[in-house]
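Student: Single-letter residue listing:
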Amino acid sequence: MKKVLLASTLAAAALAVASGAQAQSREQLRGVGSSTVFPYSTMIAEEFANMTGNAAPVIESTGTGGGMQIFCQGVGVDHPDLTGASRAMKQSEYELCVGNGVDDISEQVLGFDGIALATSRDGKVFDISLAELHQALAAEVAVDGEIVENPHETWADVNPDFPDAEIQVMGPPPTSGTRDAWVELVMEEGCSEFEAIEALHESDEVRYEEVCQRMREDGKFIEAGENDNLIVQRLNSDPTAYGIFGYSFFYENQDSLQVVSIEGVEPAEATIADGSYPVSRPIFIYYKNAHREVIPGMEAFIEEATSEAASGPGGYLTDIGLVPAPEDQRAKTREAVRNGEHMSRYE
Amino acid sequence: MTDTTPSSFTTHGLHTSAAAQARMRRRYAAERRFRLYGIAAIVAALGVLAVLLFTIVSQGYTAFVNTEIELEVYVDPADFSFEGTTPTSEEIGAGNYRNLLSSALQENLPDADAPGAARDLRGILSGQAYRQLRETLLADPSLIGQRVSMSFLASSDIDQAFKGNTPRDVPEERRRVSNLQYEWMDYLENQGQISTSFNSNLFTQADSRQPEQAGLWGAIVGSFYLMLVVAVLSIPLGVGAAIYLEEFAPKNRLTSFIEININNLAAVPSIIFGLLGLAVFIQVFGLPRSAPLVGGLALTLMTLPTIIIAARASLRSIPPSIREAAYGLGASKMQMVFHHVLPLALPGILTGSIIGLAQALGETAPLLMIGMNAFITSAPDSMFSPSTALPSQIYIWADSSERGFVERTSAGIMVLLGFLILMNATAIFLRKRFEKRW
Chain E
1 MKKVLLASTL AAAALAVASG AQAQSREQLR GVGSSTVFPY STMIAEEFAN MTGNAAPVIE
61 STGTGGGMQI FCQGVGVDHP DLTGASRAMK QSEYELCVGN GVDDISEQVL GFDGIALATS
121 RDGKVFDISL AELHQALAAE VAVDGEIVEN PHETWADVNP DFPDAEIQVM GPPPTSGTRD
181 AWVELVMEEG CSEFEAIEAL HESDEVRYEE VCQRMREDGK FIEAGENDNL IVQRLNSDPT
241 AYGIFGYSFF YENQDSLQVV SIEGVEPAEA TIADGSYPVS RPIFIYYKNA HREVIPGMEA
301 FIEEATSEAA SGPGGYLTDI GLVPAPEDQR AKTREAVRNG EHMSRYE
Chain D
1 MTDTTPSSFT THGLHTSAAA QARMRRRYAA ERRFRLYGIA AIVAALGVLA VLLFTIVSQG
61 YTAFVNTEIE LEVYVDPADF SFEGTTPTSE EIGAGNYRNL LSSALQENLP DADAPGAARD
121 LRGILSGQAY RQLRETLLAD PSLIGQRVSM SFLASSDIDQ AFKGNTPRDV PEERRRVSNL
181 QYEWMDYLEN QGQISTSFNS NLFTQADSRQ PEQAGLWGAI VGSFYLMLVV AVLSIPLGVG
241 AAIYLEEFAP KNRLTSFIEI NINNLAAVPS IIFGLLGLAV FIQVFGLPRS APLVGGLALT
301 LMTLPTIIIA ARASLRSIPP SIREAAYGLG ASKMQMVFHH VLPLALPGIL TGSIIGLAQA
361 LGETAPLLMI GMNAFITSAP DSMFSPSTAL PSQIYIWADS SERGFVERTS AGIMVLLGFL
421 ILMNATAIFL RKRFEKRW
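As you go down the protein sequences, you meet chains E and D in turn. FYI, in our numbering the residues of the first sequence are 1 to 347. FYI, in our numbering the residues of the second sequence are 1 to 438.
Simulated from the structure, these hints should not be mistaken for lab results. Even for Gly, the Cβ is constructed at its ideal location relative to N, Cα and C. Be aware that one or more of the hints could be misleading.
With beta-carbon atoms standing in for the labels, derived distance ranges [to be verified]:
#1 D:425 / E:238: 56 to 62 Å
#2 D:424 / E:51: 42 to 48 Å
#3 D:36 / E:151: 45 to 51 Å
#4 E:270 / D:131: 29 to 35 Å
Where chain D lies over chain E, by a calculated footprint (3+ residues, C-beta under 8 Å) [said to hold, decoys possible]:
#5 43 to 52
#6 59 to 69
#7 313 to 322
Using the sequences provided together with the hints, build the complete structure.
Tutor: Printed below as a string of structure tokens:
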């Protein structure tokens with residue numbers, strides 16, 4: 001018994017020592033980032049590994065903000081080579097990156113992703129405007145020229161043409177890039193149509209942002225976590241509920257879901273690509289240019305990610321719901337990223 | 001006793017008055033009610049468990065089979081570019097396999113050259129089907145120029161439709177499988193060319209973006225490494241700590257302080273151990289992210305209190321007579337513990353350790369913190385290479401949009417439950433086999 005104890009303690013110690021020497025080199029690419037970009041980046045990773053025979057990249061789904069935090073920690077094999085983002089890198093994140101020596105970053109527009117407001121096939125769909133969405137979902141809304149706590153209980157309270165059913169919308173939490181995009185594209189656009197709120201724009205900027213951005217917290221808007229499949233399942237079991245999630249989840253579940261059209265437009269490949277569907281945003285992959293020479297296969301990965309076979313029309317990413325960027329934008333981003341040009345967003 | 005009649009009890013006895021009888025009835029009724037509550041609680045718990053298992057099994061059992069399509073492929077030498085007389089393996093590997101397969105499909109399916117059928121045709125076979133053909137040809141180059149009959153993996157959409165997981169009776173535009181594809185499926189079924197067979201990918205492949213190719217092997221290997229690290233570290237440390245605290249340590253304020261802390265540690269939420277792993281093992285010691293070693297270290301910290309508590313309880317249950325007898329024969333304290341008490345306590349300690357390990361096997365939260373929820377398409381080859389584990393693989397699949405992952409999530413849960421049952425059964429077996437009753 002003693003010997004066994006001693007032997008295993010020694011083994012444990014040896015293990016701990018050996019581990020210190022590891023982690024100096026890396027054979028495979030490492031990526032982090034948005035859960036929206038995750039299906040696409042992993043698909044590229046798999047195709048890249050199959051085509052080139054390189055070790056398969058390791059990609060983690062951390063959320064856009066979490067990904068930026070990890071990506072911007074520094075340069076070197078201990079830090080990831082790329083991060084996916086469902087919104088552009090923020091100024092503060094860019095400064096964090098530069099502060100940590102990550103000062104040469106390429107930005108690829110991978111394509112577009114729409115955000116759908118959907119319900120089960122048994123539910124009711126209607127055509128809603130951005131202003132009406134703000135009325136239904138914001139914590140504070142403008143009623144008769146006054147800014148008040150959101151009094152709307154049912155969709156019919158917002159617009160008499162809508163169903164007389166309780167407002168119940170499930171959506172992503174604030175850590176999600178989808179939530180950021182929803183707030184920016186729907187809530188902020190919607191609130192600007194009310195004079196009472198617009199008046200704040202001049203007088204009290206902080207208050208203006210609060211009224212425009214804050215989602216209601218009285219149980220009508222339910223933060224359902226990062227797991228979009230969970231929202232899809234809950235919609236199927238409750239036809240009166242609506243859900244906010246990436247277009248790709250609607251695309252996969254068209255047999256059980258239907259979408260609400262916003263400003264008269266339904267999300268579809270065509271309407272997202274030409275921008276007529278108002279709630280669509282570009283999605284990005286950011287690359288560390290300092291890693292290109294060091295990490296084997298990084299150039300080949302970038303080649304794959306920017307290829308027409310991946311992100312072009314009919315590419316394999318469109319099979320899982322990505323909407324390709326317009327041709328000139330694809331060409332521009334391809335050239336910039338392949339040549340390792342530094343992003344110009346905050347120059 | 002004299003011959004008092006039963007009626008005299010009911011009329012005269014202290015415990016037989018009408019009031020006493022009413023009290024008696026109330027007490028019996030209270031007991032019956034309590035039993036009913038107990039039974040109701042157990043029935044409710046079993047019911048919930050049954051519903052849970054039923055949902056998982058009914059959703060997941062179809063993932064254990066895969067749809068395969070049998071095709072006769074003419075391996076046209078025109079789809080290769082050969083320089084010399086004997087084809088090299090590079091030349092074979094670089095063949096235009098997608099073209100070979102689509103020609104084979106066109107030959108085998110009716111109306112395959114209809115306008116707009118190309119996209120439907122592309123959606124029949126798995127995106128990786130060409131690798132099956134390539135491997136066959138690499139193994140036997142003499143097949144080039146021949147007709148080869150092979151079973152190819154169907155795409156996930158076809159797989160789901162064939163297994164009846166997605167409905168056919170909805171309008172075409174709401175389906176992932178078109179009318180033409182359904183016609184082809186019917187045709188292939190009549191010809192006996194489409195069938196389901198055991199899904200070996202599920203147990204031999206690592207993760208993939210294509211559900212029909214995705215498997216649990218990477219996660220199983222990752223979980224194995226995790227368990228190895230946890231077992232090697234936490235069992236010796238935990239049992240050693242328990243022996244010292246229980247048998248040797250003086251009973252003073254310091255040891256009771258340590259004891260309280262160990263008990264409290266057992267109740268600390270597991271995500272905290274994940275954060276600790278991230279801050280200490282990855283950021284301070286610079287161990288690689290996503291490595292089973294780091295996950296194992298974090299889980300070791302989580303499992304230690306469980307093992308220490310179980311081992312101490314088991315040591316404490318050894319009767320003093322054993323210790324006294326050992327002392328009586330002149331054994332030292334060390335001999336008493338290691339020759340007599342520990343061997344008798346071993347079944348209990350092993351049971352506690354295995355249950356602690358099983359708990360660690362099913363733990364997800366710490367793994368998310370240290371990046372063991374990454375997308376990794378190959379099984380880890382050491383403790384340092386990035387890997388997932390069974391619970392985090394289930395987490396990744398549950399979060400994927402592709403329909404094929406719904407059943408695979410449930411299948412993953414079934415496999416994980418299988419391992420847990422196996423470990424707990426081992427614990428029960430060891431206890432029954434070696435336990436001594438006093």
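Student: Holds or violated: the 45 to 51 Å window for the beta-carbon distance between residue 36 of chain D and residue 151 of chain E?
Tutor: Check passed, 48 Å falls within 45 to 51 Å.
Student: In terms of beta carbon proximity below 8 Å, does the stretch 43 to 52 of chain E have 3 or more residues touching chain D?
Tutor: Per the Cβ count (5), the hint holds.
Student: If I claimed the Cβ atoms of residue 424 of chain D and residue 51 of chain E lie 42 to 48 Å apart, would that claim hold in this structure?
Tutor: holds (44 Å)
Student: Using the C-beta atoms of residue 270 of chain E and residue 131 of chain D, is the stated range 29 to 35 Å upheld?
Tutor: holds (34 Å)
Student: Are three or more residues of the stretch 59 to 69 of chain E within 8 Å, CB to CB, of chain D?
Tutor: That given contact holds, which follows from 3 residues of the stretch 59 to 69 of chain E lying within Cβ reach (below 8 Å) of chain D.
Student: Please count how many residues of the stretch 313 to 322 of chain E have a CB within 8 Å of a CB from chain D and say whether that reaches 3.
Tutor: That given contact holds, which follows from 3 residues of the stretch 313 to 322 of chain E lying within Cβ reach (below 8 Å) of chain D.
Student: Cβ-Cβ distance between residue 425 of chain D and residue 238 of chain E: within 56 to 62 Å?
Tutor: violated (39 Å)
In this structure, only the earlier hint numbered 1 is contradicted, and the remaining ones agree with it.
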